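For chain A, the structure is supplied; the task is to place chain B on it using the hints.
There are 2 protein chains.
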Amino acid sequence: MGPSAVIEKEMPQTERPITFLRGSEDGDIRSRFEKMIRKAQDSICESIEAIDKIGKFKEDVWSRPGGGGGISRVLQDGAVWEKVGVNVSIVYGAVPPEANRATKASSSSDQKPVPIRFFAAGISSALHPKNPFAPTLHFNYRYFDTDAPKDVPGAPRQWWFGGGTDLTPAYIFEEDVKHFHSTQKKVCDKFDPAFYPRFKKWCDDYFYIKHRGERRGLGGIFFDDVNDYDQEMLLSFVTECANSVVPAYFPIIEKRKDMPFEEHHKAWQQLRRGRFVEFNLVYDGGTKFGLKSGGRIETVLVSLPLSARWEYDHKPEEGSEEWKLLDACINPREWI
Amino acid sequence: MGPSAVIEKEMPQTERPITFLRGSEDGDIRSRFEKMIRKAQDSICESIEAIDKIGKFKEDVWSRPGGGGGISRVLQDGAVWEKVGVNVSIVYGAVPPEANRATKASSSSDQKPVPIRFFAAGISSALHPKNPFAPTLHFNYRYFDTDAPKDVPGAPRQWWFGGGTDLTPAYIFEEDVKHFHSTQKKVCDKFDPAFYPRFKKWCDDYFYIKHRGERRGLGGIFFDDVNDYDQEMLLSFVTECANSVVPAYFPIIEKRKDMPFEEHHKAWQQLRRGRFVEFNLVYDGGTKFGLKSGGRIETVLVSLPLSARWEYDHKPEEGSEEWKLLDACINPREWI
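Chains as they are written, first to last, in numbering that gives the first Met the number 0: chain A, 0 to 335; chain B, 0 to 335.
For reference, chain A alone in the conformation it holds in the complex (with noise of 0.2 Å):
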């Protein structure tokens, strides 16, 4: 038995599905949720594949034998970015109440643990530039429900919804990190002016590496199982947050593409990227999800960086542009 003989769960499909779905009524919120999130993967790729102009993504589509499936796409050795992903997911089934716990940033371990029949989709991505400059972005946003309790005639569905969009740059520029936040901020406050401070802080405390005293980087907006707002308000708060990805992050990126920069700029960069992979590995959410579940790994994995590094006891001088970085990866500063 070769390595051709490890067969993953998911099965390759060459053809684009219009809907992943089955049986769910066109204006049905989880139709609805698909539609938004394949349109935003079509028009952030496009983005992407506009600015870049070298790197082109590749596309699988896969589908889940349970029920459902996704489309991952992946730019790799572009001419801004050194590895993209921007996957879409709409699974559904039963899962195992250990999986399902691990989705949920603040586990809480007095859950009863009965399985559940589920339906989560979800837009994730992770874009790593190659200049030691320009940030890496990460953005998230998904919708979790399960079906209604049987036993309790007329009882509603379960939903959430989760989501947002970080920075993480090795080197700060004040102004490209004002612009991010000020644009998540923007958002936010359309809907509610509670939203972008509260968010803010749970993205600083959820993107925290604990065993370093760090965080990931200098964060943006996080929420999790958020239901308790109007569904409807939700639903159109995730989609300006998907639709505020290209104006938040491709101006940054068109001002620092082409800086010049030295080998240590670049060293420095990778041991981020150490940071980075660390905290998907060992805290994030989404990753242990996917680990725990089998779910594609090649998916669950793609947010990692092409190269990270790791050099032992690594210190920035005092003072230095690398020490300003992880002085405020430590200590999360206010940037509007």
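Any given hint could turn out to be false.
[Said to hold, decoys possible] So, partial list: chain A residues that the calculated Cβ filter (under 7 Å) puts toward chain B:
1) 73
2) 296
3) 309
[What the hints assert, rightly or not] Only some residues are given here: those of chain B computed to face chain A with a beta carbon under 7 Å:
4) 73
5) 210
6) 280
7) 281
8) 290
9) 296
10) 297
11) 301
12) 303
13) 306
14) 307
15) 308
16) 311
17) 312
Treat the hints as calculated values from the structure; they're not laboratory data. If you're wondering where the values come from, they're calculated on a predicted model, not measured in any experiment. From the three backbone atoms N, C-alpha and C, an ideal C-beta is built for every residue, glycine too.
For chain B alone, kept in the frame of chain A given last:
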């Protein structure tokens, strides 16, 4: 508060103490185990510097306010190795039950969560060569005990040994892998003919990257929580295991360190190092214990390679040298 304000719980020391123990008798197992691992650290580091010629170890001595301490030695950017860590640690105190559980390879969730007083000492090392034809080596030998239960008069101390030595090449040279496994078997056979088959299989099972369906490398020996033999016999066994690191590995390094290679060989080595990182951060018991227990982070993560790589959906061509390595990681072989 800048990055310099992050105080590691461990205190750096300027001088190596004669012992990290407090009040142990000279003939005590704890003291003898400490002497053994410190002697092994000295002689292995000496051998490494002798082959590398350019690289020199940097030493960090640290003490743990709760009890004990350690010596971390790291060689970076040598001629032969790009990163080598050889650490000893001798620590004792009270551990939270969840950290205690993480040290065990097989997690038994029916264990009662009571805090225990422990003693843990070990030598651990990872050697990552530059040349893609020269394999990475990892070894680790440790002794663990807990205080005798106070409520049972005359009850003995609980103790166990663990450890192993394993080889992680990017390319297979049959003669190298055979030599490596033969050396392990020879040491095992001196003590019990059942050791090698048992510990070889344990190694294949332990270094399994479940989400990939692959082992990290080509194995060797591994065992954990072993106490079902005479304590003196096991102490001699782990001593001989530690002493066999040089004869098992260094002849391979001598043969491979200067082999000519091309860029694609190096890229494949970097991809396999990505798997090494995945195993260590997601599955390795020692790393998990270190991350959860708040151990000195630079020591806990020193086994990570200097650099690693993640390409999306990389599949070696069937029948290629890369494919053969992957095949052996998926389907463990008997090498002797």
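Evaluation of the provided hints:
Interface restraint check for residue 73 of chain A: the shortest CB-CB distance to chain B comes to about 4 Å, inside 7 Å, so the restraint holds. The interface hint given for residue 296 of chain A holds, since its Cβ lies 5 Å from the closest Cβ of chain B, which is under the 7 Å cut-off. The beta carbon of residue 309 of chain A is positioned within 7 Å of a beta carbon in chain B (closest approach about 4 Å), and the interface hint is therefore held. The beta carbon of residue 73 of chain B is positioned within 7 Å of a beta carbon in chain A (closest approach about 4 Å), and the interface hint is therefore held.
Annotation: residue 210 of chain B was flagged as interfacial toward chain A, and the flag holds, the nearest CB pair being 5 Å apart, inside 7 Å. Checking residue 280 of chain B against chain A: minimum C-beta separation of about 4 Å stays under 7 Å; hint holds. At its closest, the beta carbon of residue 281 of chain B sits 5 Å from a beta carbon of chain A; the interface hint therefore holds under the 7 Å criterion. Annotation: interface hint on residue 290 of chain B holds; nearest CB of chain A at approximately 5 Å, less than 7 Å.
At a threshold of 7 Å, the smallest CB-CB gap from residue 296 of chain B to chain A is about 5 Å, leaving the interface hint in force. For residue 297 of chain B, the interface hint holds, the least distance from its beta-carbon to any beta-carbon of chain A being 5 Å, beneath 7 Å. A hinted interface residue such as residue 301 of chain B counts as satisfied when its beta carbon comes closer than 7 Å to some beta carbon of chain A; here the least separation is about 6 Å, so the hint holds. Taking 7 Å as the C-beta contact cut-off toward chain A, the hint placing residue 303 of chain B at the interface holds, the least distance being around 4 Å.
The beta carbon of residue 306 of chain B comes within 5 Å of a beta carbon in chain A, closer than 7 Å, and the hint placing it at the interface holds. Given hint, residue 307 of chain B at the interface with chain A, holds; its Cβ is 6 Å from that chain's nearest Cβ, closer than 7 Å. Given hint, residue 308 of chain B at the interface with chain A, holds; its Cβ is 5 Å from that chain's nearest Cβ, closer than 7 Å. Hint status for residue 311 of chain B relative to chain A: holds, with the closest Cβ pair at about 4 Å, below 7 Å.
Interface hint status for residue 312 of chain B: upheld, as the beta-carbon distance to the closest one in chain A is roughly 5 Å, under 7 Å.
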